[in-house]
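Asker: Take a look at the letters that make up each chain.
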Amino acid sequence: MSDLAVRTRGLTKRFSSGQVAVDQIDLQVPRGAVYGFLGPNGSGKTTTLRMLLGLVQPTSGEVELLGQAMPQAAAQVLGPVGALVEGPAFWPHLTGRGNLVRLDACDPSADPATRATRADAALARVGLLAAATKKYRQYSLGMKQRLALAATLLRPRELMVLDEPTNGLDPQGTREVRTLVRELAEEGTTVLVSSHLLAEIDQVCTHLGVMSTGRLVLQGTRADLAGGRPRQLEVTTAPAHVDQARQVLADLGLGDVHDDGATRLCATLEGVATAAVTQALVTAGVGVEGLHVREPSLEELFVELTGEGFDVAH
Amino acid sequence: MSHTDSAETVRTAGAGAERWAPRRGATGRLLAAELRLVLGRRRNQVFVAGLGLVPVLLGVMLYLTRDDPSASEGSPLLLAQATQNGVFLVVASLFMCLPFLLPLTVALACGDAVAGEASAGTLRYLLVLPVGRTKVLVTKAVAALVFVEVAVAVVAVMGLVAGAVLFGLHDVVLLSGTTVPLAEGMARVLGVVVYVGVSLTGLVVVGLFVSTLTEVPVAAMVATVVVSVVSTILDSLPALSAIHPYLLTHYWYGFGEFLRLEVGWGVISSGLALQVAWIVVFGTLAWARFTSADISS
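Going line by line, the protein sequences match chains A and B.
Numbering-wise (the numbering used here), the first sequence opens with residue 931 and increments by one.
Numbering-wise (the numbering used here), the second sequence opens with residue -14 and increments by one.
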């Protein structure tokens, strides 16, 4: 059995318009990982996920899902895969529970005897049980999104593919999705979750992959990606001491020393202990009003990589 | 709850394939769910109920004007016969519905079938369950056909009821002037109903094919109605007589053969063969299209 839940090789999709939506990507999602699949809107995330699930035929390249080739093995592979693709989609004239029951009735390997129990458990898990008998068309966007999550929870899965699961959710809902992803991971489910907002999923991910204009520009464990970045030092001082402080930091060999035009200096803290910096500043007679060390921000890394920041809608 | 879940998940990973193998009766459950969706939909129910009013309105209109000779002038023989014998109201109602209302029924079912699911986005969730694409298509076709046949049956039954109430049921005078007992007449009318039902199958499959081409259900519905209307128009142009035998609607009105003393099996079997040909051609096209299309909605 492959230790990768998802693996693609040279996966490419060129639409009939000639546009290359996905360009030669080698996605590797280890079993048990929570893989954050990031990138701005339109960078090819959804098209990639559709190819993984056999909805869209790749122009070239291969897809392996749970160790089997897609889309050939779709009938065997997709059962243990729960998927939320590009937002919720249900029948407006059915209730929330009615929609889950219908979907489950169409699932060839689902047990009809436990259907009602499983539907209610899934609804309870996403906090929708109270609204179970409401028609779907009366649901708010957040409730619709929750129902789509409930649909993936009708059965225990080996792999969850969640495309922008926090779309339309308020901060509370977003936190609940993070908790859900964490629970799923604890149960042993591999989770592949996409988002255009790093901050929403960063905290739960063990692995990250970053898409930019159809290419996978970065992939690795979160620790590796964060670890490779130096910490940032910020020193606040009196206006009269700024030049002197800059000199001290430069003499210590800190990189990228710059001020913000007022009383704050920034630098990268590489190979130098924070205590040594404090000592040097004090010795040089710099009045330190504040000293702050920031852990490297992945957000900055991703903005560099994708060029445009994560929320293009803003 | 996470305790039991994790236990189950571990079993899933270990136990492997059989947990995810299709269960006995899966196809039947899929079809039942589809039928519930199509037949349970309020819009469809209202439409069929409206269709059921056609025989009633037609019957009442004929009843009120039955003594007015100018009213029946130029109107088809069938309508005149219906005032003599309620059994014929069944045939007259189907005759009135066949040019437009029944094709519209087909269009309604087919537009929803694939394009409707695509536009709602529910198609992608059906496919990743997973339900195979061929199975989705066949299920959709069967459900659409059942809906159409229900509509035909409603028109027929309502025609019979309205006919019986307004004009009574009597021994049947055939087109050739011979009179046969009521039971035989009813059997012949049943033949008419079944023939009309079967004649619509080709259009169902054409509509299903159109439905796989678009994500806009209304576009698929309009196209399906247009196909039947254009076919009827072409069939009425003498200059095109060479292609008439191949037109989808060419034998639609062949149901009159059941009302001759010697049932015209030649025409009827030509009509059935033509439907089979259209089903094979457009069924293949729909299958080829649907099993290869990118589902991007």
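Hints listed in this document are in silico derivations from the structure and should not be mistaken for laboratory results.
Note that beta-carbon positions come from the ideal geometry of N, C-alpha and C, so glycine has one too.
Hints may contain errors.
[To be verified] A few chain A residues facing chain B, derived, Cβ under 10 Å:
no., residue
1, P1022
2, T1025
3, A1040
Asker: Does each hint fit the structure? Answer for all of them.
Answerer: Outcome of the hint check:
For P1022 (chain A), the shortest C-beta to C-beta distance to chain B is roughly 8 Å, which falls under 10 Å, so the interface hint holds. The beta carbon of T1025 (chain A) is not positioned within 10 Å of any beta carbon in chain B (closest approach about 12 Å), and the interface hint is therefore violated. For A1040 (chain A), the shortest C-beta to C-beta distance to chain B is roughly 7 Å, which falls under 10 Å, so the interface hint holds.
In the structure shown, a violation is registered for the earlier hint numbered 2 alone.
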